[in-house]
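> Line order of the protein sequences matches chains L and S. Quick note on this note's numbering: the first sequence kicks off at 1 and runs consecutively. Quick note on this note's numbering: the second sequence kicks off at 1 and runs consecutively.
Please keep in mind that the hints were generated in silico from the structure rather than gathered at the bench. Quick caveat, the model's predicted, so the values are computed rather than measured. Cβ atoms here follow ideal geometry from the backbone N, Cα and C, with glycine treated the same way. Heads up, some of the hints might be wrong.
As the list claims (entries may be wrong) - Once the Cα atoms are required to be at most 30 Å apart in a straight line, the calculated DSS-like pairs of lysine-lysine come out as:
(1) S/LYS172 - S/LYS219
(2) L/LYS60 - L/LYS102
(3) S/LYS23 - L/LYS68
(4) S/LYS240 - L/LYS19
(5) L/LYS46 - S/LYS3
(6) L/LYS102 - L/LYS46
(7) L/LYS46 - S/LYS23
(8) L/LYS68 - L/LYS102
(9) S/LYS23 - L/LYS60
(10) L/LYS68 - L/LYS85
(11) L/LYS68 - S/LYS229
(12) L/LYS85 - S/LYS23
(13) S/LYS229 - S/LYS240
(14) S/LYS23 - L/LYS79
(15) S/LYS219 - S/LYS229
(16) S/LYS74 - S/LYS172
(17) L/LYS46 - S/LYS240
(18) L/LYS68 - S/LYS7
(19) S/LYS3 - L/LYS79
(20) S/LYS23 - S/LYS7
(21) L/LYS79 - S/LYS7
(22) S/LYS3 - S/LYS74
Stated by the list, open to error - Okay, the calculated beta carbon distance ranges per label pair:
(23) S/SER52 - L/LYS85: 20 to 26 Å
(24) L/LEU109 - S/GLY42: 33 to 39 Å
(25) S/LEU85 - L/PRO77: 20 to 26 Å
(26) L/ARG67 - S/THR20: 19 to 25 Å
(27) S/GLY145 - L/GLU36: 38 to 44 Å
Here are the chains, one letter per residue:
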Amino acid sequence: MDRLNQQLKKGVFEILVLKLINEEDLYGYELLNRLETESHGTFRLKEGSLYPILYRLEDKGFIESYRKNLSSERKVPRKYYRITKTGIESLQEMIASWNDFKTIIDGMLSSWREI
Amino acid sequence: MLKSFRKYANQVVGMLNSDTETKRRIREDILELLQDRYEDTGITDPVELLGSPHNFAETLGEEINKAASFYRTKQSSTTFLGLPLLSYSNNPAVTSKGWIAVGIKSIGFISIGSFATGIFSFGAFSIGLFSFGGVSLALLAAFGGVAVAYDTALGGVAVAYHLAFGGFAIAKDIAIGGLTSARLMAYLQAYLPQSESMIKSQWAFRIPNELDSFSEIFKRYFSDFGSVKKTIIQSILRIK
Numbered sequence: 001m002d003r004l005n006q007q008l009k010k011g012v013f014e015i016l017v018l019k020l021i022n023e024e025d026l027y028g029y030e031l032l033n034r035l036e037t038e039s040h041g042t043f044r045l046k047e048g049s050l051y052p053i054l055y056r057l058e059d060k061g062f063i064e065s066y067r068k069n070l071s072s073e074r075k076v077p078r079k080y081y082r083i084t085k086t087g088i089e090s091l092q093e094m095i096a097s098w099n100d101f102k103t104i105i106d107g108m109l110s111s112w113r114e115i
Numbered sequence: 001m002l003k004s005f006r007k008y009a010n011q012v013v014g015m016l017n018s019d020t021e022t023k024r025r026i027r028e029d030i031l032e033l034l035q036d037r038y039e040d041t042g043i044t045d046p047v048e049l050l051g052s053p054h055n056f057a058e059t060l061g062e063e064i065n066k067a068a069s070f071y072r073t074k075q076s077s078t079t080f081l082g083l084p085l086l087s088y089s090n091n092p093a094v095t096s097k098g099w100i101a102v103g104i105k106s107i108g109f110i111s112i113g114s115f116a117t118g119i120f121s122f123g124a125f126s127i128g129l130f131s132f133g134g135v136s137l138a139l140l141a142a143f144g145g146v147a148v149a150y151d152t153a154l155g156g157v158a159v160a161y162h163l164a165f166g167g168f169a170i171a172k173d174i175a176i177g178g179l180t181s182a183r184l185m186a187y188l189q190a191y192l193p194q195s196e197s198m199i200k201s202q203w204a205f206r207i208p209n210e211l212d213s214f215s216e217i218f219k220r221y222f223s224d225f226g227s228v229k230k231t232i233i234q235s236i237l238r239i240k
């Protein structure tokens, strides 16, 4: 069951990360926290797993990074991610696919009966 | 930026099989993440913040390229007498075996690794007929920081039954070096006399001044010493 949960979660991380970045520009650590709080602790991503997702999204051209320094105390400017036009289009497609998928699965599971 | 953060990031990146650009990207992001978590928690220990570098690298490695696992083990398809011609592994849990074996632990005709065993072995710790390494153990010839051999040893500390060369050379038969102990010795600094119960006679000559005397004893009492060893001694000491 744990394995199924993990697999399901893994499949949706890209959509969720892209959706959060679509709402506002975010940096890595902020993304990890947002994922955890907005999912009420369900989507707790390992640090080592987040960056590969971001790299994939960046390499596909869905997001892009830029440096921003908000605090004078912080010497190194933070790397923020923002969604691109391609990213917005892809997110819309991903959400549509997810809804179709969800409808089909829900339909199939609702007709399930005890044998 | 804390030094320990840089060290941690370098350790993680050092364990990855990625291209230079990806490594640069990862290093940068790890440093930033550590800095963020440090600012949030006040914790300065990177291991406490992100777990061990090994685990972090393993997760990253799996995610970045699922086809390429963190550790790589490869063997050539060509075999001879059932052994692959070439075998390689960077996994410490795997012993690389082949005619030419390269790995953390390796066994082969030519063996190269941290712990290498073979006919010709090269490594931090090497065992073989001929071995070369930090600490080397050999039947015929050992070369290294600490070299131990039955026949010939050459190293900082050289211990052999027949012939030893080195800073500190100990042998039953002949020792040549800074500090020596053997039946016949050519020493630069000093020699350790052996007890009479162990050997019947002992000769010690300071080189280069007493080279002729050494040569004379060598010819008289070690005529059957073996042509290879003779050649080595003659060429090192430049005697005829």
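> If a hint holds in the structure, say so; if it doesn't, say that too.
Checked hints:
1. Distance restraint check for S/LYS172 and S/LYS219: the Cα-Cα separation of roughly 17 Å lies within the 30 Å cut-off, and the hinted pair is therefore satisfied.
2. Between L/LYS60 and L/LYS102 the CA atoms are separated by roughly 25 Å; this keeps the pair inside 30 Å, and the hint holds.
3. Simply put, S/LYS23 and L/LYS68 have alpha-carbon atoms about 22 Å apart, close enough for the 30 Å limit, and the pair holds.
4. Among the hinted pairs, S/LYS240 with L/LYS19 is inconsistent with the structure: their alpha-carbon atoms are about 84 Å apart, more than 30 Å.
5. Note on L/LYS46 and S/LYS3: the hinted pairing holds, with a Cα-Cα distance of about 23 Å set against a maximum of 30 Å.
6. Proximity of L/LYS102 to L/LYS46 is assessed by CA-CA distance (about 26 Å); at most 30 Å being required, the pair is judged to hold.
7. For a cut-off of 30 Å, the pair hint linking L/LYS46 to S/LYS23 stands: about 18 Å separates their Cα positions.
8. With a CA separation close to 38 Å, the supplied pair L/LYS68 and L/LYS102 exceeds the 30 Å bound.
9. For the suggested pair S/LYS23 and L/LYS60, the alpha carbons sit about 18 Å apart, so the restraint of at most 30 Å is met.
10. The suggested pairing of L/LYS68 with L/LYS85 holds, with an alpha-carbon distance near 21 Å, which does not exceed 30 Å.
11. Simply put, L/LYS68 and S/LYS229 have alpha-carbon atoms about 70 Å apart, too far for the 30 Å limit, and the pair is violated.
12. With a C-alpha separation of about 28 Å, the suggested pairing of L/LYS85 with S/LYS23 holds against the 30 Å cut-off.
13. The straight-line distance between the Cα atoms of S/LYS229 and S/LYS240 is roughly 13 Å, inside the 30 Å bound, and the hint therefore holds.
14. A hinted pair counts as satisfied when its Cα atoms are at most 30 Å apart, and S/LYS23 with L/LYS79 qualifies at roughly 16 Å.
15. For the proposed pair S/LYS219 and S/LYS229, the alpha carbon gap of about 13 Å is at most 30 Å, so the pair holds.
16. For a cut-off of 30 Å, the pair hint linking S/LYS74 to S/LYS172 is broken: about 44 Å separates their Cα positions.
17. Distance check on the hinted pair: L/LYS46 and S/LYS240 sit about 71 Å apart at the alpha-carbon level, beyond 30 Å; violated.
18. For a cut-off of 30 Å, the pair hint linking L/LYS68 to S/LYS7 stands: about 25 Å separates their Cα positions.
19. Note on S/LYS3 and L/LYS79: the hinted pairing holds, with a Cα-Cα distance of about 20 Å set against a maximum of 30 Å.
20. At roughly 14 Å between alpha-carbon atoms, S/LYS23 and S/LYS7 fall within 30 Å of each other, so this suggested pair holds.
21. Between L/LYS79 and S/LYS7 the CA atoms are separated by roughly 21 Å; this keeps the pair inside 30 Å, and the hint holds.
22. A distance of roughly 36 Å separates the Cα atoms of S/LYS3 and S/LYS74; the hinted pair therefore is violated under the 30 Å criterion.
23. Distance hint for S/SER52 and L/LYS85: a CB-CB separation of about 40 Å, inconsistent with the stated range 20 to 26 Å.
24. About 47 Å separates the C-beta atoms of L/LEU109 and S/GLY42, a value inconsistent with the hinted range of 33 to 39 Å.
25. As the Cβ distance of S/LEU85 to L/PRO77 is approximately 52 Å, the hint placing it in 20 to 26 Å is violated.
26. At roughly 21 Å, the beta-carbon separation of L/ARG67 and S/THR20 lies within the given 19 to 25 Å, and the hint holds.
27. One distance hint, 38 to 44 Å for the beta-carbon pair S/GLY145 and L/GLU36, is violated here, with the actual separation near 51 Å.
This entry does not satisfy hints 4, 8, 11, 16, 17, 22, 23, 24, 25 and 27, going by the numbered hints stated previously.
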